[in-house]
Amino acid sequence: MAQPPVSSESQEQRVREFVDAYQSLRAEVGKIIVGHTDVVGQIMIGLFAGGHVLLEGVPGLGKTLLVKTLAESLELSFSRIQFTPDLMPGDIIGTNIIVEDAQGRKHFQFQRGPIFGHILLADEVNRATPKTQSALLEGMQEGAVTVSGAAHPLPAPFFVLATQNPIEMEGTYPLPEAQLDRFLFKVRVRYPALEELTEIIDRTTHVRAVEVRRVLTGPQVLSMRELVREIPIASHVRDLASFIVLGTHPQWERAPEVSRRYVRYGASPRGAQALVLGAKVRALAEGRFNVSVDDLRAMALPSLRHRLILNFEGEAAGVDVDDLVSQIVESAEAMSGSGKEVFLR
Amino acid sequence: MSDPTVIQRLVADVARQIRLRRAEFYGLRGLFWGAVAAVVPLLLKETLGPWSYALAGLLLLAGAAAGAAWGLLLSLPPAEAARLADRGYGLQERISTALEWADRRDRTPIVDALVTDAAARAGQVGVRRIIPRRLPREAKLVPVPLVLGLVLAAAPPIPLPQGRLPSFSVSRDEDEEKTPGDRSGDVQQSERKQATRRDPVQRTDVQERTLSPRLGGGGQSQPGDLAAVFKDTSLGGRAPDFNSFLKKGDERLRMLDSLDRLPDLQSDFTQNQTRMVFQKAKALRGGLDPNKKVSPEKLRELLSEMERLGRKNGGQGQGNWSGDAYEGMEALEGGQSDKAMEAMERALNKMRSMEERGRDGKGLKGGRESERRGARRGDKGAGQQGGGPGDEGDFPEGEGLLPGRGKSGAPKGDPTARLRGSPFDVGVEGESRPGRKQGIDTNMVGRGAQMPSRMQYMGVLGQYRKMMEESIAREQVPRDFQSQVKEYFQSLDEK
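Going down the list, the protein sequences come from chains A and B.
In terms of the working numbering, the first sequence opens at residue 1 and continues consecutively.
In terms of the working numbering, the second sequence opens at residue 346 and continues consecutively.
It should be emphasised that the hints constitute simulated quantities derived from the structure, not laboratory data.
Among the hints, erroneous ones may be present.
What the hints assert, rightly or not - Short derived list, chain B residues pointing at chain A, Cβ under 7 Å:
(1) 437
(2) 439
(3) 451
(4) 453
(5) 454
(6) 455
(7) 456
(8) 459
(9) 461
(10) 462
(11) 465
(12) 821
(13) 835
(14) 836
Said to hold, decoys possible - Straight-line Cα separation of at most 20 Å, SDA-like style, residue types lysine to any residue; simulated pairs:
(15) B:831 - A:312
(16) B:831 - A:313
(17) B:831 - A:188
Claimed, not checked - Pairwise CB distance ranges (calculated):
(18) A:88 - B:828: 48 to 56 Å
(19) A:253 - B:824: 39 to 47 Å
(20) A:198 - B:419: 35 to 43 Å
(21) A:37 - B:365: 37 to 45 Å
(22) A:146 - B:825: 43 to 51 Å
These numbers come from a predicted model, not from an experiment.
Just so you know, even glycine gets a beta-carbon here, dropped at the ideal spot from N, CA and C.
From just these sequences and the hints, can you work out the full model?
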């Protein structure tokens, strides 16, 4: 990739382009998807941060449609895997098959699975067995899969969007913590509001042809991902991110009371990475050149909610992880010295 | 790269605001303490004269000035001022990030854009007070010492108490000046003084008197000699007065008199009661001179104990010795000591055979022997269900009824067969009720029925309580549930 220009104006230009691309992509998705502003925003932040996103919501909220629309808005290949209990790892990754060439000689040839796509929709990922779920692990983390000792790199950008249903738990295999941690964000898809529902009815029950344009290419997405990592973050904002992540650990000596009481295991360093990367994308999307405390606050929930494991007391008391994370963020802000009494020190 | 002086100017302005607020804050605090201190010279107005006003005013001003100076001189890193500027002007960390990254070597190209953006934003914001005023807690109390000081300043000087402090040293002149009426008190005082003075002399005498006989008798005390601690007391030299000891009828003498009494077997749970009786009887017979007659009192006591034990074991038929013991007691009442001794011998033989039978179960012979005993017990009928005296050791507390531990005397195997074999019901709590019983057989048939099941229950309960506490500590059980579980176990305790 070419060296980015270094003048202030050119940097501003890059940021403006980022904002434009972001807005146009959002507008394309908005042609099909009604509402879900936060969900769409968080998915796009996940895309530009270079992570993968787990969507959780009851059936019929448009999770799959949202992912398909996003894929259609990008000039990228799209694969969809419907996870079922009898799905095998080879069905995802691919397998070696015997082929015969023109001379009649037989040899093994790797037949690529659906994972070899830019955007992968893993629909109802918790319906497959852990063995099959873990077939995604290497691809999500390393960007490559290994079959019969040979590594096969996945196309870049590689973006996994998995969905799962939180209520139909019978016959499902909840994702193990190791795999949950691979997802940059976990996004909760809520039920639409009254106005949104009305709009959904109008859009979907009339004859109405909506065409989605492809607004971004793969290289553009990669370039935007690079720009994200250039965004500076002030030390006190970075410290706040550390305080938030450490605050999820009940063993930490300065952990807040809620964490000590209800959390068994806290977020991993991946949680801190997700938090800061997400905050950087959000800052860029708003046309800023730096990360703010507001960015961290906004990204704390999708970054950390799937990385906290409640203890028995938390489960029994029906503690909402989102509330827990919000309280941890508040206590971290008080801890990090961003209090109002700073001028008295 | 744009000029970051705009940012620095904004930060400097915020820093100035912070310093001013700090000066206000600490100045008010200093004013309060200065006012408190200023009250003191006003209280001493009579002594200090007009200087008291000047001193009070000086303290007031000095307190406020010292506080304000402290607030102004407190260190203020630019980063903190920049953070407050960001917050105060709503700049979303632009200023602090730009200030921090502007001079960093590892800055990315986008930092230039950030500095430009931050400078532009800093230029746009109008300079205004963004640091809110904060008052210390003492600020509300400042009027109190101020008003007090004004009142004191306006009021006439407060006279200080006159006179000397009382002298505690008594001189001869003062003694002579006192009136004759006071003399009596002085005499008592002087006597008290003399007594105090005499006391060390008397104590020396006592020490000399008590030390001499000991030194004469036992020689010099050695290090570690515990008797040395008594040497400086008058009791150490006195001989014990046994007469008064006897006259008073000390309880210990009565205990000495009844040394050969049987031990309190009811309270001695560490010993097998039968064995104790056996040993006592053996000692009574073996240790006596053949020409000397057995004490009827001791024989009666022993026989009554044997009879009691026989009744307690509830045996009827061949294995029971209570009848023999009762016969012995009757013979003793009739003055026939020989017959009483014979009866005791018979009772002891039965007791011995019962003891040996009971010991079978404690060997390593295992279940076959137990089965044989079970069959034998079955032959004896309902009245013979109790085990021998040695069976008490088969159920150590707390483990008798646990699965896989101890040896339960309860019949095992097919429950239907058991029911046919012994269709008698027994109560779970306490001893079995008398008479023939209808109903279902339980595992308490046998020795368990003879023993108070409550003991076993309590022992097992202790074990389960311990396991419960371990589980609660190990598992992460919610506090509310912990208390519920503990209350449940507590309720079992109370039953």
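Item checked: Hints not upheld, ascending by number -> Per hint list: 3, 11, 13, 14, 17, 19, 20 violated.
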